[in-house]
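Line by line, the protein sequences are chains A and B. Note that the UniProt record's numbering has the first sequence beginning at 1, numbered continuously upward. Note that the UniProt record's numbering has the second sequence beginning at 1, numbered continuously upward.
Source of the hints: derived by calculation from the structure; they are not laboratory data. Keep in mind the model is a prediction, meaning the values are calculated, not measured. Even for Gly, the Cβ is constructed at its ideal location relative to N, Cα and C. Mixed in with the good hints, there may be bad ones.
Below, in silico cross-link-like pairs of lysine-lysine (BS3-like), each with a Cα-Cα straight-line distance of 27 Å or less [stated by the list, open to error]:
1) A:Lys285 - B:Lys318
2) B:Lys393 - B:Lys429
3) A:Lys274 - B:Lys393
4) B:Lys56 - A:Lys345
5) A:Lys285 - B:Lys429
6) A:Lys274 - B:Lys318
7) B:Lys280 - A:Lys274
Chain B is faced by these chain A residues, among others (derived, beta-carbon under 8 Å) [to be verified]:
8) Ala111
9) Val133
10) Thr226
11) Trp227
12) Asp302
13) Gln307
These are the residues of each chain, in order.
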Amino acid sequence: MEYVILGIVLAGVLLLAGLGLLVPRIRRRAVPPAPPRPTETTEEAGGVGILAPERPAEADVVEAPPAPTIETPAPTAGRLIRLRGRLSRSQNVFGKSLLAVLGRDRLDEDAWEEIEDSLIGADVGVEATRQIVDRLRERTRVLGTRNPTELRALLAAELVEALDPTLDRSLKVGGKPSVLLVVGVNGSGKTTTCGKIARVLIADGHSVLLGAADTFRAAASEQLATWAGRVGAEVVRGPEGADPASVAFDAVKKGVDTGVDTVLVDTAGRLQNKVGLMDELGKVKRVVEKQGPVDETLLVLDATTGQNGLEQARVFMEVVDVTGVVLTKLDGTAKGGIVIAVQRKLGIPVKLVGLGEGPDDLAPFEPAAFVDALVGTDA
Amino acid sequence: MFDTLSDRLNGIFTKLRGKGRLTDADIDATAREIRLALLEADVALPVVRAFIARIKERARGSEVSQALNPAQQVIKIVHEELVNVLGGDTRRLQLAKQPPTVIMLAGLQGSGKTTLAGKLARFLAGQGHQPLLVAADLQRPNAVTQLQVLGERAGVEVYAPEPGNGVGDPVDVARASIDHAKRVARDVVIVDTAGRLGIDQEMMAQAANIRDAVDPDEVLFVIDAMVGQDAVNTAEAFRDGVGITGVVLSKLDGDARGGAALSVREVTGQPILFASTGEKLEDFDIFHPDRMASRILGMGDVLTLIEQAEQAFDADQKEKMTAKLMGGEQFTLEDFLDQMVAMRRMGPIANVLAMMPGMGQVKDQLADLDDKHFDRVTAIIRSMTPGERVNPKIINGSRRARIANGSGVTVMDVNQLLNRFSEAQKMMKQMGGMMGLPGSRRKATKSPKNKRKGTKGGSRPRPVGGVPGGGFPGGMPGLPPGFDPSALQGDGAQGLPPGFKLPKIDFNKLRRQEGDNK
Chain A
1 MEYVILGIVL
11 AGVLLLAGLG
21 LLVPRIRRRA
31 VPPAPPRPTE
41 TTEEAGGVGI
51 LAPERPAEAD
61 VVEAPPAPTI
71 ETPAPTAGRL
81 IRLRGRLSRS
91 QNVFGKSLLA
101 VLGRDRLDED
111 AWEEIEDSLI
121 GADVGVEATR
131 QIVDRLRERT
141 RVLGTRNPTE
151 LRALLAAELV
161 EALDPTLDRS
171 LKVGGKPSVL
181 LVVGVNGSGK
191 TTTCGKIARV
201 LIADGHSVLL
211 GAADTFRAAA
221 SEQLATWAGR
231 VGAEVVRGPE
241 GADPASVAFD
251 AVKKGVDTGV
261 DTVLVDTAGR
271 LQNKVGLMDE
281 LGKVKRVVEK
291 QGPVDETLLV
301 LDATTGQNGL
311 EQARVFMEVV
321 DVTGVVLTKL
331 DGTAKGGIVI
341 AVQRKLGIPV
351 KLVGLGEGPD
361 DLAPFEPAAF
371 VDALVGTDA
Chain B
1 MFDTLSDRLN
11 GIFTKLRGKG
21 RLTDADIDAT
31 AREIRLALLE
41 ADVALPVVRA
51 FIARIKERAR
61 GSEVSQALNP
71 AQQVIKIVHE
81 ELVNVLGGDT
91 RRLQLAKQPP
101 TVIMLAGLQG
111 SGKTTLAGKL
121 ARFLAGQGHQ
131 PLLVAADLQR
141 PNAVTQLQVL
151 GERAGVEVYA
161 PEPGNGVGDP
171 VDVARASIDH
181 AKRVARDVVI
191 VDTAGRLGID
201 QEMMAQAANI
211 RDAVDPDEVL
221 FVIDAMVGQD
231 AVNTAEAFRD
241 GVGITGVVLS
251 KLDGDARGGA
261 ALSVREVTGQ
271 PILFASTGEK
281 LEDFDIFHPD
291 RMASRILGMG
301 DVLTLIEQAE
311 QAFDADQKEK
321 MTAKLMGGEQ
331 FTLEDFLDQM
341 VAMRRMGPIA
351 NVLAMMPGMG
361 QVKDQLADLD
371 DKHFDRVTAI
381 IRSMTPGERV
391 NPKIINGSRR
401 ARIANGSGVT
411 VMDVNQLLNR
421 FSEAQKMMKQ
431 MGGMMGLPGS
441 RRKATKSPKN
451 KRKGTKGGSR
461 PRPVGGVPGG
471 GFPGGMPGLP
481 PGFDPSALQG
491 DGAQGLPPGF
501 KLPKIDFNKL
511 RRQEGDNK
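With the rest of the complex left out, here is chain A (with noise of 0.2 Å):
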């Protein structure tokens, strides 16, 4: 009976591929301007426009004392940099396979392998690393360049230059109230990433409320009333089991009517090839839209992710527009070099990074700090 069916779906799979060639066909003839990707950069890029004048605003707040709570959380300037340590301890390897490749002599054949090996040992993928290389390799040639001092900055500069730091990657915190909503596959930590975030919202000087939308896995709204608990936000909680677009819109409300300043929204942890539980994503987005738009959509991706990590930031692109990654767990011997990938290929950018397991243990992404770390600056 089996291959029966097995014909059937064949049948319906060619025949829907089929059409599905034909229609990209018709529609590219039928409406020929418009390729959605170029909107989405400009919008992007006037995004950034917008939103310049809003760092100075949000360092000085930084600068300011942080607020009063049941406790206070650092504030989070300069937090990359006091984590460096941490980071570069992890991610010393790295950089000294690289620095002792690029410190022989003469550049051969199997030095640049060696350098292409140690990028897609970071995860930074094949594709990424033969681009980054290419570059690499043409520069130096151009430049005539041997030293090992000025090989790494270049290969730094063009580790940064694929980061693009001109991203703007602050959080649009401060409306009235801002959303954000955390999205991610199962296990990445998009729970304890949203405590942290209300901490360092918190300290930052802004009220926060948390939405657990998270109704599938057991214990998760428990979870996140505890991080809420320990800076004293309010957590709006469903029943398990509970419609999760009703719990981010009660916790939209919420915020509305208690009048804070930032609405931070948890949700299930998905796996991308879930057409059911994306949809379901798709729905929770929607419905808060009906009270006012999302600020930001943060994905939160795990460092140790491999290759995967490009197909799920494309997934909840589409599905949710993702305006940010938020890199987990860059403590361990993970290199993260995914998202090179990712930002390359997508332009999400990163905006924070987790390092730890302790409280207060995320930053604010600096790609030059970041690639610092990688490639090692002082060894």
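Mind docking chain B on chain A? Use the hints.
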């Protein structure tokens, strides 16, 4: 993403057909591609190197078989080697002679230990054991609560003397749990520990202490199938820090290729015992090395496809469709809609297609596939009346305009769909005719003669003695009982097990015609 290894290798080998033996140059060229495929599947670099070296060794001098082309042959070697490595000495859980058997779970944060503890408990309870879950993750907020909820769902007792959230000593909890298990006569104790990083000395020492306290019969290392190059470091750290006796691969229901499985297997030398494939407690299975090997290589995974299809199509629908196909009835837009909706449930169409062997040839077009187009087609059909769906011939100009308005497309789109559909209808009719079960009333195929179909599909001898019912057009040779995934590996290279030949031709036909339409 759809660049499967087989397609790449086929590219290399097209020039090399007819050689009697694989030369070193051929092997080197293939090795490069295999390396790339493995790296893209997140197999760790050192493991890739070692693996490639072994492959080269095996491939060198191996006779070119008559049945397989060189690409197929290399793939076969790689696949066999992968299955070997992944599945070598598979074993079951080792139960202690003197109960209780103690199973300890360890892994990174977020790898799925707590969920797995619940699944394992349910699995063991189903086998007649009396498991006890021990909440020794006192680190993460509410991990204890999570385990309690899972235990309740699985109908298994949870030993949680400490509230967690940083309170209590997991080593004490673990130690006390053994006595507790003995007292209440539980024969399996599953100790859930906190997630920890390999480089966190303090936490690794704690894990070692827990291990010493409970003296586990199994230390299962839980690792996420999505993990990238770091898998090696992590596995090494856990191997050295805690000692691992088995591996569990979690989140295999995602679309990651899961190269981590190979890395971990190589580094730890310990077998992969289980695969965790979903969020529900019952989504738990023993590990299938052959499927994993195909998955890592990016070869079509027909078994998974069948499984997904079974989930997506409900029984009634299947029966209805089968009846239609067999009986040579008209294939209507209504059926088409049903199929399309069911397909959408299986995940992104491109992914589903990519699972089919041989689809690599059309990967460029696949990359363009956007599920939105399917939704658009769905919308068009939904804008038709039931009468129109059954009998599209009645759709005249004004109906077309209405349908176009109703679904927000142009009349041209509707026309295109209808034209394509009538083509598809003809095709289905032919296929239905060929699929006829012996004994079932089979209408004479009035199919317009298609030369290629005639030669390749029709004249193929029916597999004899297989399943009653012959096979898919051209003979899907006895798929259910005798279906051996390893049989696919050779064919997988060419991409097309015999049964797929006809669909492929049809597909090409479609493509060509599309070209004409353009």
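Hint check results:
| no. | hint | result |
| --- | --- | --- |
| 1 | A:Lys285 - B:Lys318 | 35 Å, violated |
| 2 | B:Lys393 - B:Lys429 | 17 Å, holds |
| 3 | A:Lys274 - B:Lys393 | 37 Å, violated |
| 4 | B:Lys56 - A:Lys345 | 34 Å, violated |
| 5 | A:Lys285 - B:Lys429 | 44 Å, violated |
| 6 | A:Lys274 - B:Lys318 | 22 Å, holds |
| 7 | B:Lys280 - A:Lys274 | 13 Å, holds |
| 8 | Ala111 | 16 Å, violated |
| 9 | Val133 | 14 Å, violated |
| 10 | Thr226 | 4 Å, holds |
| 11 | Trp227 | 6 Å, holds |
| 12 | Asp302 | 6 Å, holds |
| 13 | Gln307 | 5 Å, holds |
In terms of the numbered hints stated before, the structure departs from hints 1, 3, 4, 5, 8, 9, listed from lowest to highest.
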